[in-house]
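So the protein sequences, as listed, match chains A and B.
So the first sequence is numbered by our numbering: it starts at 3 and just counts up by one.
So the second sequence is numbered by our numbering: it starts at 118 and just counts up by one.
There's no promise every hint is true.
Unchecked claim - Just a sample of chain A residues kept apart from chain B, beta carbon distances all over 10 Å, derived:
{"no.": "1", "residue": "Ala60"}
{"no.": "2", "residue": "Glu70"}
{"no.": "3", "residue": "Ile73"}
Said to hold, decoys possible - List time: in silico DMTMM-like cross-link candidates among lysine to aspartate or glutamate, alpha-carbon distance up to 20 Å:
{"no.": "4", "chain 1": "A", "residue 1": "Lys74", "chain 2": "A", "residue 2": "Asp14"}
{"no.": "5", "chain 1": "B", "residue 1": "Lys141", "chain 2": "A", "residue 2": "Asp32"}
{"no.": "6", "chain 1": "B", "residue 1": "Lys141", "chain 2": "A", "residue 2": "Glu50"}
{"no.": "7", "chain 1": "A", "residue 1": "Lys74", "chain 2": "B", "residue 2": "Glu211"}
{"no.": "8", "chain 1": "A", "residue 1": "Lys74", "chain 2": "B", "residue 2": "Glu208"}
{"no.": "9", "chain 1": "B", "residue 1": "Lys196", "chain 2": "A", "residue 2": "Glu50"}
{"no.": "10", "chain 1": "B", "residue 1": "Lys141", "chain 2": "A", "residue 2": "Glu77"}
{"no.": "11", "chain 1": "A", "residue 1": "Lys74", "chain 2": "B", "residue 2": "Glu157"}
{"no.": "12", "chain 1": "B", "residue 1": "Lys196", "chain 2": "B", "residue 2": "Glu233"}
{"no.": "13", "chain 1": "B", "residue 1": "Lys222", "chain 2": "B", "residue 2": "Glu208"}
{"no.": "14", "chain 1": "B", "residue 1": "Lys222", "chain 2": "B", "residue 2": "Glu132"}
{"no.": "15", "chain 1": "B", "residue 1": "Lys196", "chain 2": "B", "residue 2": "Asp129"}
{"no.": "16", "chain 1": "B", "residue 1": "Lys141", "chain 2": "B", "residue 2": "Glu157"}
{"no.": "17", "chain 1": "A", "residue 1": "Lys74", "chain 2": "A", "residue 2": "Asp44"}
{"no.": "18", "chain 1": "B", "residue 1": "Lys196", "chain 2": "B", "residue 2": "Glu232"}
{"no.": "19", "chain 1": "B", "residue 1": "Lys128", "chain 2": "B", "residue 2": "Glu183"}
{"no.": "20", "chain 1": "A", "residue 1": "Lys74", "chain 2": "A", "residue 2": "Glu50"}
{"no.": "21", "chain 1": "A", "residue 1": "Lys74", "chain 2": "A", "residue 2": "Glu25"}
{"no.": "22", "chain 1": "A", "residue 1": "Lys74", "chain 2": "B", "residue 2": "Glu214"}
{"no.": "23", "chain 1": "B", "residue 1": "Lys128", "chain 2": "B", "residue 2": "Asp237"}
{"no.": "24", "chain 1": "B", "residue 1": "Lys222", "chain 2": "B", "residue 2": "Glu198"}
{"no.": "25", "chain 1": "B", "residue 1": "Lys196", "chain 2": "B", "residue 2": "Glu220"}
{"no.": "26", "chain 1": "B", "residue 1": "Lys196", "chain 2": "B", "residue 2": "Asp237"}
{"no.": "27", "chain 1": "B", "residue 1": "Lys222", "chain 2": "B", "residue 2": "Asp237"}
Hints listed in this document are in silico derivations from the structure and should not be mistaken for laboratory results.
Virtual Cβ for every residue (Gly too), placed ideally from N, Cα, C.
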Amino acid sequence: MAVDRLESLLRDAFPNAPELRVEDRTGGGDHFQVTVESQRFDGLPLLEQHRLVNDALAEPLRDGTIHELRIKTRETT
Amino acid sequence: MSENELSGRIKDVIENEQVVLFMKGTPQFVMCGNSGRALEALRAAGAPVTTVDILPDPSIRQELAELSGWPTIPQVFVKGELVGGADITQELAETGELRSILEEKLGAGYSDGAEERVVDVVSGTRV
Numbered sequence: 003m004a005v006d007r008l009e010s011l012l013r014d015a016f017p018n019a020p021e022l023r024v025e026d027r028t029g030g031g032d033h034f035q036v037t038v039e040s041q042r043f044d045g046l047p048l049l050e051q052h053r054l055v056n057d058a059l060a061e062p063l064r065d066g067t068i069h070e071l072r073i074k075t076r077e078t079t
Numbered sequence: 118m119s120e121n122e123l124s125g126r127i128k129d130v131i132e133n134e135q136v137v138l139f140m141k142g143t144p145q146f147v148m149c150g151n152s153g154r155a156l157e158a159l160r161a162a163g164a165p166v167t168t169v170d171i172l173p174d175p176s177i178r179q180e181l182a183e184l185s186g187w188p189t190i191p192q193v194f195v196k197g198e199l200v201g202g203a204d205i206t207q208e209l210a211e212t213g214e215l216r217s218i219l220e221e222k223l224g225a226g227y228s229d230g231a232e233e234r235v236v237d238v239v240s241g242t243r244v
């Protein structure tokens with residue numbers, strides 16, 4: 003399942019994230035909503051926070067697994 | 118057209134237009150929900166938006182990703198600087214930060230007479 007793959011990539015990139023969710027928005031397995039709360043975001047501009055998520059998901063973004071991605075990031079502080 | 122030429126045109130639009138939205142489709146025919154959300158957020162902030170449709174040629178998307186280091190569409194630039202994709206633009210619009218960024222970079226009267234324009238980076242024409 004794509005959701006599991008994305009979630010495991012994000013877990014690797016954001017260990018100990020207090021919140022980490024991947025939702026299949028349409029049920030079609032290619033439109034995702036990703037929500038991550040992580041210390042890695044603390045103090046970073048939104049652009050850099052999203053860049054970290056994009057980096058973690060670089061492979062599924064490149065190979066077409068992800069057709070549409072929505073990102074919500076939160077700092078822990 | 119060579120890839121260098123295309124890359125040059127994309128760079129030219131990013132550097133010379135005040136606010137650029139690379140999107141799927143045009144403001145008249147939005148072909149993707151995320152592109153639509155970014156456009157609406159920019160409109161709500163009164164931004165003078167220049168849009169570029171990335172759908173006519175797959176190399177537009179590739180060249181853009183290389184230039185910006187951002188993997189997804191849409192992408193919003195203000196005065197040559199990447200602001201983000203749909204989620205960031207929408208979030209900044211909701212908190213009012215988008216207006217502050219536009220004011221800071223374009224001047225306080227940025228929304229006076231703001232018009233939407235469409236640039237075709239394949240042919241180099243603008244509407």
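Do the hints match the structure? See the list:
1. Ala60: Ala60 (chain A) not clear of chain B: closest Cβ-Cβ about 7 Å, inside 10 Å.
2. Glu70: The claim breaks: Glu70 (chain A) does not keep its Cβ more than 10 Å from every Cβ of chain B (closest is about 6 Å).
3. Ile73: 5 Å, violated
4. A:Lys74 <-> A:Asp14: This hinted pair holds, its Cα atoms lying about 18 Å apart.
5. B:Lys141 <-> A:Asp32: 17 Å, holds
6. B:Lys141 <-> A:Glu50: Not OK: Lys141 (chain B) and Glu50 (chain A) at ~23 Å, beyond 20 Å, violated.
7. A:Lys74 <-> B:Glu211: Roughly 14 Å separates the two Cα atoms, so the pair holds.
8. A:Lys74 <-> B:Glu208: 9 Å, holds
9. B:Lys196 <-> A:Glu50: 18 Å, holds
10. B:Lys141 <-> A:Glu77: Judged against 20 Å, a Cα distance of about 31 Å means the pair is violated.
11. A:Lys74 <-> B:Glu157: Given pair Lys74 (chain A), Glu157 (chain B) holds - Cα atoms ~18 Å apart, limit 20 Å.
12. B:Lys196 <-> B:Glu233: 16 Å, holds
13. B:Lys222 <-> B:Glu208: OK: Lys222 (chain B) and Glu208 (chain B) at ~18 Å, within 20 Å.
14. B:Lys222 <-> B:Glu132: At roughly 13 Å apart (the allowed maximum being 20 Å), Glu132 (chain B) and Lys222 (chain B) satisfy the hint.
15. B:Lys196 <-> B:Asp129: 11 Å, holds
16. B:Lys141 <-> B:Glu157: 14 Å, holds
17. A:Lys74 <-> A:Asp44: 14 Å, holds
18. B:Lys196 <-> B:Glu232: Between Lys196 (chain B) and Glu232 (chain B) the Cα gap is close to 16 Å, so the pair holds against 20 Å.
19. B:Lys128 <-> B:Glu183: 11 Å, holds
20. A:Lys74 <-> A:Glu50: 12 Å, holds
21. A:Lys74 <-> A:Glu25: 12 Å, holds
22. A:Lys74 <-> B:Glu214: Satisfied, since the Cα-Cα distance of roughly 17 Å is no more than 20 Å.
23. B:Lys128 <-> B:Asp237: Distance of about 13 Å is within 20 Å: holds.
24. B:Lys222 <-> B:Glu198: Holds. Lys222 (chain B) to Glu198 (chain B) sits at ~10 Å (cutoff 20 Å).
25. B:Lys196 <-> B:Glu220: With Cα atoms ~11 Å apart, Lys196 (chain B) and Glu220 (chain B) stay inside 20 Å; holds.
26. B:Lys196 <-> B:Asp237: 19 Å, holds
27. B:Lys222 <-> B:Asp237: Judged against 20 Å, a Cα distance of about 25 Å means the pair is violated.
In summary, the numbered hints that this structure violates are 1, 2, 3, 6, 10, 27.
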